[in-house]
Amino acid sequence: LRRSCVHLRMITVHHLENSRSQRVLWLLEELGLPYAVRRYERDEKTMLAPPQLRRVHPLGKSPAIVDDEEEAQGSPRTVAETGAIIEYLTDKAGGRLGPPAEREEALRYRHFLHYAEGSLMPPLLVGLVLGRVPLFGRAARKRLQPMIDVHLDFVERELAGRQWFAGDAFTAADVMMSFPLEAAHARAGLGGSRPATMAWLERIHARPAYQAALASGGPYRYA
Numbered sequence: 003l004r005r006s007c008v009h010l011r012m013i014t015v016h017h018l019e020n021s022r023s024q025r026v027l028w029l030l031e032e033l034g035l036p037y038a039v040r041r042y043e044r045d046e047k048t049m050l051a052p053p054q055l056r057r058v059h060p061l062g063k064s065p066a067i068v069d070d071e072e073e074a075q076g077s078p079r080t081v082a083e084t085g086a087i088i089e090y091l092t093d094k095a096g097g098r099l100g101p102p103a104e105r106e107e108a109l110r111y112r113h114f115l116h117y118a119e120g121s122l123m124p125p126l127l128v129g130l131v132l133g134r135v136p137l138f139g140r141a142a143r144k145r146l147q148p149m150i151d152v153h154l155d156f157v158e159r160e161l162a163g164r165q166w167f168a169g170d171a172f173t174a175a176d177v178m179m180s181f182p183l184e185a186a187h188a189r190a191g192l193g194g195s196r197p198a199t200m201a202w203l204e205r206i207h208a209r210p211a212y213q214a215a216l217a218s219g220g221p222y223r224y225a
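Residue numbers for the sequence shown follow our numbering, so the first one is 3 and each next one is one higher.
Think of the hints as simulated: they come from the structure by calculation, not from any bench. Just to be clear, a hint being listed does not mean it is correct.
Pairs of lysine to aspartate or glutamate, EDC-like flavour, derived with a Cα cap of 16 Å [unchecked claim]:
1. 63 x 93
2. 63 x 19
3. 94 x 70
4. 63 x 83
5. 63 x 45
6. 63 x 106
7. 94 x 71
8. 47 x 19
9. 94 x 72
10. 94 x 73
Let the sequences and hints guide you as you build the complete structure.
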């Protein structure tokens with residue numbers, strides 16, 4: 003359905019392999035919203051997104067979605083930036099998986115929705131870049147790891163007291179947190195010494211919608 007019925011009015015996800023856009027596919031599956039996928043591969047040498055993505059959005063980044071059901075200035079609406087897409091989709095679904103009704107949970111929801119990309123992801127990205135630089139990169143990563151550990155310890159304390167980031171129920175904040183924590187597990191020291199976080203990863207990976215998104219998006223190295 004998602005590949006063959008692209009003529010229907012639906013959301014098209016411009017999806018880059020091994021990227022943040024996997025979260026968008028996952029949320030769409032959780033919300034049950036119809037969507038189509040257009041896949042893009044990274045440049046083998048630079049690992050950057052292909053130039054074709056600039057036809058979707060001037061920044062040429064993924065994720066970006068195009069919603070045929072809503073127009074902006076006479077054209078289907080395009081939304082970029084993962085957090086903005088997450089908020090757009092939860093709004094479109096009538097608030098499902100969005101901010102909880104209880105105030106403390108709603109505040110935690112908003113915190114982690116922005117913390118994922120605003121605070122947690124930057125040092126992980128720096129670590130990835132340094133990992134590609136011989137000698138100097140390895141030394142610099144040793145100095146970076148304690149900074150990453152501060153974040154991983156913070157996350158572990160948060161999850162030690164509840165199953166999900168906002169509270170007792172799964173929300174889009176968990177979707178946002180998935181990519182940086184999967185990346186941390188793959189390359190930045192997240193492991194058995196932080197059992198609450200690892201248990202959370204197991205819970206999200208077991209969700210049927212997560213598995214359906216993997217099948218829809220193709221190879222994803224952090225699952």
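Verification of the supplied hints:
no., hint, in the structure
1, 63 x 93, "23 Å, violated"
2, 63 x 19, "12 Å, holds"
3, 94 x 70, "13 Å, holds"
4, 63 x 83, "8 Å, holds"
5, 63 x 45, "13 Å, holds"
6, 63 x 106, "33 Å, violated"
7, 94 x 71, "10 Å, holds"
8, 47 x 19, "15 Å, holds"
9, 94 x 72, "10 Å, holds"
10, 94 x 73, "14 Å, holds"
Checked against the numbered hints listed earlier, the structure breaks hints 1 and 6; every other hint is satisfied.
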